[in-house]
Amino acid sequence: MKITRFALRCAALEAILFSGSRALAHGYVGDRFFPPTISTDDPFAVDELALPTVSVVKNAGGDDGPGNWEWDSGFEFDKEIFPHFSIGISDTYIYQHFRHQPAAQGWDNLTLTAKYELWHNEEHEAIIAIGLEGDIGGTGSRGVGRASFSTLSPKLYFGKGFPEFGDPLWPLQPFAVTGEIGQSFPTSAADLNALEWGFAVEYSLPYLQQHVKDIGLPKPVANMIPLVEFSMETTENRGLGGLTTGTVNPGILWETDYFQLGVEANIPINRASGSHVGATIQMWIFIDDLFPKIFGHPIFGERS
Amino acid sequence: MKRFLMNITGVILVSLALPAFVSAHANLDHAEPKVGATVNQSPKEVKIWFSQSVEPAFSTIEVFDSAGKQIDKKDSHVDKADKELLIVSVPALDPGTYKVVWHVVSTDTHKTHGDFKFTVKR
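Just so you know, the protein sequences line up as chains A and B, in that order. When the letters of the first sequence are read in order and numbered with this note's numbering, they come out as residues 1 to 304. When the letters of the second sequence are read in order and numbered with this note's numbering, they come out as residues 1001 to 1122.
No lab work stands behind these hints, which were simulated from the structure alone. Every residue, glycine too, gets a C-beta built ideally from N, C-alpha and C. Incorrect hints may have been included.
Unchecked claim - Computed cross-link-like contacts, BS3-like style, restricted to lysine-lysine with a CA-CA straight-line distance of at most 30 Å: (1) K219(A) to K1117(B); (2) K1069(B) to K219(A); (3) K1111(B) to K1034(B); (4) K293(A) to K1083(B).
Said to hold, decoys possible - Label pairs and their in silico Cβ distance ranges: (5) A1037(B) to I128(A): 28 to 38 Å; (6) A279(A) to T1038(B): 14 to 24 Å; (7) G145(A) to A1037(B): 50 to 60 Å; (8) K1044(B) to P168(A): 41 to 51 Å; (9) I299(A) to K1083(B): 50 to 60 Å; (10) E236(A) to K1083(B): 28 to 38 Å; (11) D64(A) to K1099(B): 50 to 60 Å; (12) P1091(B) to L169(A): 55 to 65 Å; (13) P171(A) to K1099(B): 55 to 65 Å; (14) P250(A) to K1083(B): 32 to 42 Å; (15) I252(A) to I1071(B): 34 to 44 Å; (16) E123(A) to T1038(B): 38 to 48 Å.
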């Protein structure tokens, strides 16, 4: 297959970053590895790279325009600047295929994120973080309907494993929850304020095999984490207060030493959330392990 | 659309291929006694196989009894024939539950750690 220039540019970026020795591991609290999830953000202010995230969904036609098949491909890159404080950038290229008219395509608005890990408890495998997410208006393509105004969303993130389940309840110990809750503030009165909330319930088979009980799972099953994510938004004003839209996203993550591959179905919770089930596939590259001279540590200071 | 899909496929293939040229941290692959197992007799050794070769000078296994007292013979060593295998000797263990704590550095200097329990049957 011919690899196009876009792919080669991504390869060059990764190759430049490649080099050799040790970095701290990503997303751990105590024995628990909290994987980066697909539909909701994780609570870690660490170096992360999601490349690519590809989703597809059939949009029903309506007041906003005719129905279409939408393919999105995006990236997210986060870098720890100070200990436990990171900044991130993400964007998505949108391709909308219409039946009887030319396709629309272009970049979504750029999203910038700042995140700080407030609190960890290794014994209880718990973490809390705060952050600010900014959707930068005018940076996306009007051809795919991106907003010209910005939206700011302060957020609270959390993660919790369940080592407290004792030996009699050992099958429950691999469960973990991560999630986020935020409040959006658009800079235009034309848009709604909304409560953005979501969480992921996951069952870590690697945690089961390595820390709780070796039940003889073969690979690659032993490296998989089944999960269900709930990604929601509840509007608060402009006559639409209390309307909740979102998706329920059952899926599976597959962990390797170098990357995580995830796939989820995106099931709308009601008619206002969509009329068709979509799908998302995502690859997280563990850049702190692959490029430890550059990643896996803050630019300033040392992680405690 | 075709070009869009080719771009995405190319990025995924390149991302999958690059890690083949580097190594990563050592994770527990399996252990003897097995993680969370109940054994009928006291083992003479606790063995852990890792997903990568480990550095002998910086890799240890410690075994603690239910009171938190370290009971292994403090002779952690990497197997001469298998650099992914770390071993520590233990004395004859009384019935009870034991906690195994491991710290390893893989040969490319990645650090990892973890723990698990096993039980000697009463």
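Check the following: the C-beta atoms of P171(A) and K1099(B) are separated by a distance inside 55 to 65 Å. 19 Å, violated
With respect to the beta-carbon atoms only, verify the hint that E236(A) and K1083(B) lie 28 to 38 Å apart. For K1083(B) against E236(A), whose Cβ atoms are near 59 Å apart, the range 28 to 38 Å is violated.
Does K1069(B) pair with K219(A) here, judged by a C-alpha cut-off of 30 Å? 35 Å, violated
Does the hinted range 50 to 60 Å hold for D64(A) and K1099(B) at CB? Given about 59 Å between the Cβ atoms, the range holds.
Would you say the C-beta atoms of E123(A) and T1038(B) sit inside 38 to 48 Å of each other? 25 Å, violated
Distance restraint hint 50 to 60 Å, applied to the beta-carbon atoms of G145(A) and A1037(B): 57 Å, holds
Look at the Cβ atoms of I252(A) and I1071(B) and judge whether their distance stays inside 34 to 44 Å. 40 Å, holds
With the threshold set at 30 Å, check whether the alpha-carbon distance from K293(A) to K1083(B) stays at or below it. 25 Å, holds
Given a hinted range of 55 to 65 Å, is it respected by the beta-carbon distance of P1091(B) and L169(A)? 31 Å, violated
Decide if the proposed pair is consistent with the structure: K1111(B) and K1034(B), CA atoms, cutoff 30 Å inclusive. 22 Å, holds
Hint consistency between K219(A) and K1117(B) [alpha-carbon to alpha-carbon, up to 30 Å]: 22 Å, holds
Using the beta carbons of K1044(B) and P168(A), state whether their distance is inside 41 to 51 Å or not. Given range 41 to 51 Å: violated, Cβ gap about 29 Å.
The structure does not agree with the numbered hints 2, 6, 8, 9, 10, 12, 13, 16 stated previously, though it agrees with the rest.
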